[in-house]
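K.L.:
Sequence:
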Amino acid sequence: MANYPSAPQDFTLSFLEHITNNFSDGVRIGSGGFGHVYWGIYRDEKIAVKKLYDQNPGFDDAAFKKEFNNSFQLHHPNIVRLVGYCYETREINMEVRPGDYQFVKRIVRILCYEYCQGGSLDNYINEKFRERDLDTRLKIIRGISEGLNYLHYGQAQHMYHMDLKPENILLDEKNMPKIADFGLSRFLAMTKTHITTSHTTGTLGYMPPEYFTGKKISNKFDVFSLGVIILEVLAVPLGYRKYDDMSPREFVEQVRRNWNERPPMITSSELNRVKEYIDIALRCVEEERAKRPKISDIVSELKDLDAQHSAGPSMVPTIQMKDLALDPAFELRFPFERSKQIPCCLQLTNNTDGFIAFNIKMDQRKYHAQPNKSTVRPRSYCNIVITSRAWNTDDPPSTPRDSILVQSTRVRSYLSPAEIADNMFDTSIGNAVDQEELPVVYVPILEHPTFSI
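If you're matching positions, the sequence shown starts at -17 in our numbering and goes up one per residue.
The hints are simulated quantities; they were obtained by calculation from the structure and are not laboratory data. Owing to the predicted nature of the structure, the values given are computational and were not obtained by experimental measurement. Be aware that a few hints might be false.
To be verified - Distance condition first, Cα-Cα at most 20 Å in a straight line; then the derived SDA-like pairs of lysine to any residue:
{"#": "1", "residue 1": "LYS257", "residue 2": "GLY125"}
{"#": "2", "residue 1": "LYS28", "residue 2": "LYS87"}
{"#": "3", "residue 1": "LYS156", "residue 2": "LYS87"}
{"#": "4", "residue 1": "LYS47", "residue 2": "ASP36"}
{"#": "5", "residue 1": "LYS343", "residue 2": "GLU258"}
The task is simple: from the sequences and hints, build the whole structure.
P.N.:
Take a look at the structure:
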């Protein structure tokens, strides 16, 4: 743990000038609309020194004191820590008119925070963030959720951040996220569910619809912002802005396909985790405020999902063909929903040192597989999305029961789908082919519960 003081320190301007080399460009780590951020050393630890512009009509004494007071009382691992501050008035001799020099008062306002080596989350949302593995991304999402839950319910008064976005989430050297920038935050008495304001604050793209139409502020404001962030973290390169162009199911499946195609490949269990997190995000960005979950419910759900994941992988059975292992085992389960195409994921794992070509046979009037044939490289795996056609019935089809046939055969080298011929899987001409038939089962899905504030 960093050697920071237990309470924010009252720093002198001369001390902060000393540790930042007089606020030199060489130690500047960022800039914003209200000032510059530098780094310096205090108690053998780096701190971030946020020096506000001397004259800024958008950030006056009231705004400075609001951010200070909001940050002062926050103590949580996922909230950036206020280390100190500086508030000094100086008189500077300036030429106010040609030949007329006068002493003019200048107020110096500085806030000092713990230094986060990883920078802000927005630096990693795009191409650079692709390098981060799934566990890191999920860890970041969980941390943001925990910090937000603390703001909403961990204090005597509810605090709403009001400007939650990747730029205001910092990462430490272990990729632990820390929510920052509380200049726009609002407190709400525990007896109130929402308030109405006449002022517009926040960032476009992260503000919920009811704020645009009625200027309503509630605990669901930050939840909407969180949903957008989750989509940006997991749905690269789609993000929330592509969500309006697709149905929820299409969006989820496109995210799954993107993850399936990007190296390194992830397992079907990990793909399911992505889907579960995306499902939560889509509920967070519901247009109707009452349909969004509370952050406390989100944190509980994420903990349950992680507990299931920790216990589940070793307990999930697979079908071991001669050369390929199939997951899921025994049957393909499609979550039934009327008038919608239904996807299901099948993973083929090659545990041998050779190449294995596969072919998926099914009733093409009812099902589509992507890919339906390909080659699994040695000691690797391939994820296949099998999609059922839309059914215009209220109940899941039960008879006749369909099945999907998985065929595989060893080949000398990698073959593209176009190079894989149907006769390669014809046993009547002496080909060595493994086959496994997976029954198809339709199960009704439960509607997500409606949460109210």
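K.L.:
It remains to establish, for every hint, whether it holds in the given structure.
P.N.:
These are the hints, each one checked on the structure:
1. LYS257 / GLY125: Given that 20 Å is the threshold and the Cα spacing comes to 19 Å, the pair holds.
2. LYS28 / LYS87: Violated, because 31 Å separates the two Cα atoms, which is more than 20 Å.
3. LYS156 / LYS87: Since the Cα atoms of LYS156 and LYS87 sit roughly 43 Å apart, the hinted pair is violated (cutoff 20 Å).
4. LYS47 / ASP36: 15 Å, holds
5. LYS343 / GLU258: 29 Å, violated
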